[in-house]
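These are the residues of each chain, in order.
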Amino acid sequence: MKKKILILLFLAIPYSLIPNPSHAVPMDSSRFKIESANVEIAGGNKSSTSYKLADTVGQLAAGQYSSTGYVVKAGFQYLHSIIPFRFSISDINIAFGTLVPSTPSTATTNLTVYFGGAGQYQVTAIEEGPLKTQSLNVIPDTSCDGGANTCSESLAKVWSSSSAYGFGYGMSGNDIPTDFIDGTYFRPFPDRTAAESPATVMTSINVGKNRSSTVTFKTNISSIQPAGSYQTVINFVATPSY
Amino acid sequence: MKFKNILLTILFLTIPYSLIPNPSFAQQVSLSLSPPLLELFIKPGKAIMVAYKLDNLGDPTFLNLKILPFEAKDNLGNIRIKPEFEGPVRFSLDNTDLTLDQPFFLKTNYSQQILLRIRIPENITDGDYYYSLLAETTPPTASEGIGSARAKATIGSNILVTISNSGNIDIKPKIALFSTRGGLTLGQNIKVFDSSDKIPVVLTVVNKGKNMMKPEGQISLKGNFGETIKYDIISKNILAESERLLEATPSATINCDQGREQKCLFSTTLILSGFFIGKYNLSTEIRFGENSPTIFASTIFYAFPFKIAGGILLATVIIIFIIKRKNE
Numbered sequence: 001m002k003k004k005i006l007i008l009l010f011l012a013i014p015y016s017l018i019p020n021p022s023h024a025v026p027m028d029s030s031r032f033k034i035e036s037a038n039v040e041i042a043g044g045n046k047s048s049t050s051y052k053l054a055d056t057v058g059q060l061a062a063g064q065y066s067s068t069g070y071v072v073k074a075g076f077q078y079l080h081s082i083i084p085f086r087f088s089i090s091d092i093n094i095a096f097g098t099l100v101p102s103t104p105s106t107a108t109t110n111l112t113v114y115f116g117g118a119g120q121y122q123v124t125a126i127e128e129g130p131l132k133t134q135s136l137n138v139i140p141d142t143s144c145d146g147g148a149n150t151c152s153e154s155l156a157k158v159w160s161s162s163s164a165y166g167f168g169y170g171m172s173g174n175d176i177p178t179d180f181i182d183g184t185y186f187r188p189f190p191d192r193t194a195a196e197s198p199a200t201v202m203t204s205i206n207v208g209k210n211r212s213s214t215v216t217f218k219t220n221i222s223s224i225q226p227a228g229s230y231q232t233v234i235n236f237v238a239t240p241s242y
Numbered sequence: 001m002k003f004k005n006i007l008l009t010i011l012f013l014t015i016p017y018s019l020i021p022n023p024s025f026a027q028q029v030s031l032s033l034s035p036p037l038l039e040l041f042i043k044p045g046k047a048i049m050v051a052y053k054l055d056n057l058g059d060p061t062f063l064n065l066k067i068l069p070f071e072a073k074d075n076l077g078n079i080r081i082k083p084e085f086e087g088p089v090r091f092s093l094d095n096t097d098l099t100l101d102q103p104f105f106l107k108t109n110y111s112q113q114i115l116l117r118i119r120i121p122e123n124i125t126d127g128d129y130y131y132s133l134l135a136e137t138t139p140p141t142a143s144e145g146i147g148s149a150r151a152k153a154t155i156g157s158n159i160l161v162t163i164s165n166s167g168n169i170d171i172k173p174k175i176a177l178f179s180t181r182g183g184l185t186l187g188q189n190i191k192v193f194d195s196s197d198k199i200p201v202v203l204t205v206v207n208k209g210k211n212m213m214k215p216e217g218q219i220s221l222k223g224n225f226g227e228t229i230k231y232d233i234i235s236k237n238i239l240a241e242s243e244r245l246l247e248a249t250p251s252a253t254i255n256c257d258q259g260r261e262q263k264c265l266f267s268t269t270l271i272l273s274g275f276f277i278g279k280y281n282l283s284t285e286i287r288f289g290e291n292s293p294t295i296f297a298s299t300i301f302y303a304f305p306f307k308i309a310g311g312i313l314l315a316t317v318i319i320i321f322i323i324k325r326k327n328e
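Chains as they are written, first to last, in the numbering used here: chain A, 1 to 242; chain H, 1 to 328.
Since the hints were made in silico from the structure, they are not lab data. Beta carbons: idealized from backbone N, C-alpha and C, even for Gly. Possibly wrong hints are sitting among the right ones.
Covered stretches of chain A (in silico footprint by chain H; criterion: 3 or more residues with CB under 8 Å from a CB of chain H, positions within the stretch not fixed) [unchecked claim]:
no., region
1, 95–109
2, 197–205
3, 231–240
Heads up, incomplete: computed chain H residues facing chain A, CB under 7 Å, no partners named [stated by the list, open to error]:
no., residue
4, S30
5, L31
6, L37
7, L38
8, G77
9, T154
My request is simple: use the sequences and hints to build the entire structure.
Have a look at this one:
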């Protein structure tokens, strides 16, 4: 008896481990079509006469819409209240002091986003041109230490060599890109004058309340860099999601 | 002589004060804009006015208001603001003292009401148009003689405009991905987790229609013995011709601020936590409002107590080893 049960179990267990086959099920009728990809099993109401138009579903509060000609909704519907979106920069004047060749200068500022513990947001950054003097001498954007440690606008790499020159930024704190591994990792800012796209420096799809990060600006110049007041403007743009 | 003495005394008393440096403070920007999102369904030829509130909680500053279009940047709800205005929607301010693209001054702890008029010209084709109302600060003046970067702060509020003459909308929902992440993958499709693992779930929906849509529904987890837990899908907009990772609640969390766990490297819809054992069926059902179709998807995963079994096995081996050593 015991032997029979063991044989039955031995035969039955592998079947229970076989996954149910995946099916991509097209759900359509004469009035609509929904294609489901990467869906393992689909079911439910696949054909109905209640849909209004082909590829058209839903109607916008029909009565109100036809009388006023518009429907307005403010705030995020799922929050049931309008929570203001707040963005702060702790210091907008980021001074490097007098730049000394081969001696990196750094300065920091803090970015804080407050969304009442409720929302999704992003903060992007872009420079309005590289650090330059009025006579157009330029400190180029950093490429970090070079070689395997060559950074880009979207990828931070180590910048610790005193002979690697340029201007860039590092980040620490909440909701920052994962490539800023530690304080030695930097990126160059995207340049608006070179038609580059802003870089996302903070983002979260989860609840964010007083999310804060520190931006470390860094510049290092060579001994042949002409003297002068090098300036640029960095635009930080904070937007909630949709 | 007496006058000279008085003058010297005054100078002696006042000069030290003039030598005391003024304390320097970091110039701070803090702005708040409400409402953070506006959804407008409107017929061609109509116009509405919406009141926004802009608060300055930082130092006094000059601000500039502008409207720029945006598009979905990824499937996480991030946006890409376009550099130039485009589209048929017309924006202006009803404020007597404010104009778009003209700087104005806002003192500390003062609010400015922004009366934004949105007008849709006649004979506009049905469709969606997405914009951001942006309030940007003027950067501080440059410091001479030193290297410096000056920061400009911009805060935005998104405006989603759906133009429809009939009131009908065109949405084409499709589930692009519904799956668990991580764990062991056996064969092509068998996902196996440890019983104590936090299990990330990813649900992505694509909208191939010409109007945005708002998903509503649930993700259900059904265990071996029919026990079922339901998670509500958070109703976030999926823009026209775009894709979005949905979120469900209540979800467990992983602290990604300290460690750099593998699970922190990708975004998830839901994180399942608990003690799982055996086979589990995960399914989702999503609706998009009245008179709209419902879409479905399901997947399965297995969970076994590998860590506990490993611990028991290791403890047994150690005990046997100790007993054997004692007997010897």
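Against the structure, the hints:
no.	hint	result
1	95–109	holds (count 8)
2	197–205	holds (count 5)
3	231–240	holds (count 10)
4	S30	4 Å, holds
5	L31	6 Å, holds
6	L37	6 Å, holds
7	L38	6 Å, holds
8	G77	4 Å, holds
9	T154	4 Å, holds
Checked against the numbered hints given earlier, this structure breaks none of them.
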